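Novice: Sequence:
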Amino acid sequence: MKRKLLKSQLRKKNMKDLSSKAIKFYSATGLDNVNYRTYSKREETFIEEIRERVLKNNYKFTRYKEKLILKNRYSYPRCISIPTLKDKLTLKVILETLKEYFPQEARPPLPQECIKAIKMELEKEIYTHFIKLDLSDFYGNITQEILMDKIKVIIKDELLLELIINAIKNPTYPKVKCEKKGIPQGLSISNILAHII
25 MKRKLLKSQL RKKNMKDLSS KAIKFYSATG LDNVNYRTYS KREETFIEEI
75 RERVLKNNYK FTRYKEKLIL KNRYSYPRCI SIPTLKDKLT LKVILETLKE
125 YFPQEARPPL PQECIKAIKM ELEKEIYTHF IKLDLSDFYG NITQEILMDK
175 IKVIIKDELL LELIINAIKN PTYPKVKCEK KGIPQGLSIS NILAHII
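Our numbering puts the first residue of the sequence shown at 25, with every later residue one more than the last.
It should be emphasised that the hints constitute simulated quantities derived from the structure, not laboratory data. Nothing here was measured: the structure is a model prediction, and the numbers come from that model. Heads up, the beta-carbon is just placed ideally off N, CA and C, and yes, glycines get one too. It is possible that some hints are incorrect.
[To be verified] Derived lysine-lysine pairs resembling DSS-like cross-links, with alpha carbons at most 25 Å apart: (1) K84 <-> K123; (2) K123 <-> K28; (3) K37 <-> K65; (4) K123 <-> K180; (5) K84 <-> K37; (6) K123 <-> K36; (7) K45 <-> K28; (8) K123 <-> K48; (9) K123 <-> K174; (10) K176 <-> K205.
[Unchecked claim] Pair ranges (Cβ atoms, derived): (11) L79 <-> I139: 42 to 48 Å; (12) K40 <-> E124: 16 to 22 Å; (13) I178 <-> E147: 32 to 38 Å; (14) T62 <-> I142: 41 to 47 Å; (15) E169 <-> P195: 15 to 21 Å; (16) A141 <-> K84: 41 to 47 Å; (17) K176 <-> E149: 39 to 45 Å; (18) N165 <-> S64: 34 to 40 Å; (19) P132 <-> E73: 28 to 34 Å; (20) K48 <-> I170: 32 to 38 Å; (21) V177 <-> A141: 25 to 31 Å; (22) R35 <-> I150: 48 to 54 Å; (23) I189 <-> I93: 22 to 28 Å.
Please model the entire structure based on the sequences and the hints provided.
Specialist: This is how it looks when you write it as structure tokens:
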């Protein structure tokens, strides 16, 4: 079962399906500036390249493009990492494989569902107080070693583990060196990795 999950996600038909779902309506371009129109003309080549390089364990992610999002004028901007379209497809393959290994984390509850659950608990009048927390820079402070140790308990596939490590250590432009701490925000695997931790 170990390698079968990753290999099943790397089937051409599956990758074409993922590509049409994940990339067709994705307007952001990575550092290579390849948009969907250009990508669609070379889709077969990209899919074959991803499959070949992942299975040979020599897939390299292109540095992520930086996009800064302001919450308000008083807070620091949030850094979103934007992958190239080819890397986005690879990250989708990783995500779908992670969902197979961690089905309980595949669909984390929506904020509305969490609020509804909190309201229901408050209506029971068991609790008299609550604490409002805002975890600042949660993704940026995740310890990669702890995350990978948790993942390695479940996943034994070295190819998949290497892909995950490379994806989270990959720098966001203008940085050149690999990240030693945190996971990039904005990737399709970011939320499931945060929920695993």
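Novice: Please go over all the hints and tell whether each is borne out by the structure.
Specialist: Hints, one by one, checked against the model:
For the hint linking K84 to K123, the alpha-carbon distance of about 22 Å falls within 25 Å, and the restraint holds. Among the hinted pairs, K123 with K28 is consistent with the structure: their alpha-carbon atoms are about 14 Å apart, no more than 25 Å. Only pairs whose Cα atoms come within 25 Å are accepted, and K37 paired with K65 is accepted, the gap being roughly 17 Å. Restraint check for K123 and K180: satisfied, since their Cα atoms lie roughly 15 Å apart, inside the 25 Å limit.
A threshold of 25 Å between alpha carbons decides the hint, and for K84 with K37 the separation of about 23 Å falls inside it, so the pair holds. With a C-alpha separation of about 19 Å, the suggested pairing of K123 with K36 holds against the 25 Å cut-off. For the given pair, K45 sits about 22 Å from K28 by alpha-carbon distance, which is consistent with the 25 Å threshold. Distance check on the hinted pair: K123 and K48 sit about 22 Å apart at the alpha-carbon level, within 25 Å; holds.
Between the alpha carbons of K123 and K174 the distance comes to roughly 15 Å, so the proposed pair stays at or under 25 Å and holds. For the hint pairing K176 with K205, the CA-to-CA distance comes to about 18 Å; that is within 25 Å, so the pair holds. Separated by about 44 Å at the C-beta atoms, L79 and I139 satisfy the suggested range of 42 to 48 Å. Between K40 and E124 the beta carbons are some 19 Å apart, a value that agrees with the proposed interval 16 to 22 Å.
Distance hint check: the CB atoms of I178 and E147 are about 37 Å apart, consistent with the given range 32 to 38 Å. Restraint check, T62 to I142: a C-beta distance of roughly 46 Å satisfies the suggested window 41 to 47 Å. A C-beta distance of roughly 18 Å is found between E169 and P195, which places it inside the suggested range of 15 to 21 Å. With their beta carbons about 42 Å apart, A141 and K84 fall inside the hinted range of 41 to 47 Å.
For K176 paired with E149, a C-beta distance near 44 Å keeps the hint of 39 to 45 Å intact. A hinted range of 34 to 40 Å for the beta carbons of N165 and S64 is consistent with their spacing of about 38 Å. Our hint of 28 to 34 Å for P132 and E73 holds, since their Cβ atoms are close to 32 Å apart. At roughly 36 Å, the beta-carbon separation of K48 and I170 lies within the given 32 to 38 Å, and the hint holds.
The supplied range of 25 to 31 Å is met by V177 and A141, whose beta-carbon atoms lie about 28 Å from each other. A hinted range of 48 to 54 Å holds for the C-beta pair R35 and I150, which are about 50 Å apart. As the Cβ distance of I189 to I93 is approximately 26 Å, the hint placing it in 22 to 28 Å holds.
The structure shown violates none of the earlier numbered hints.
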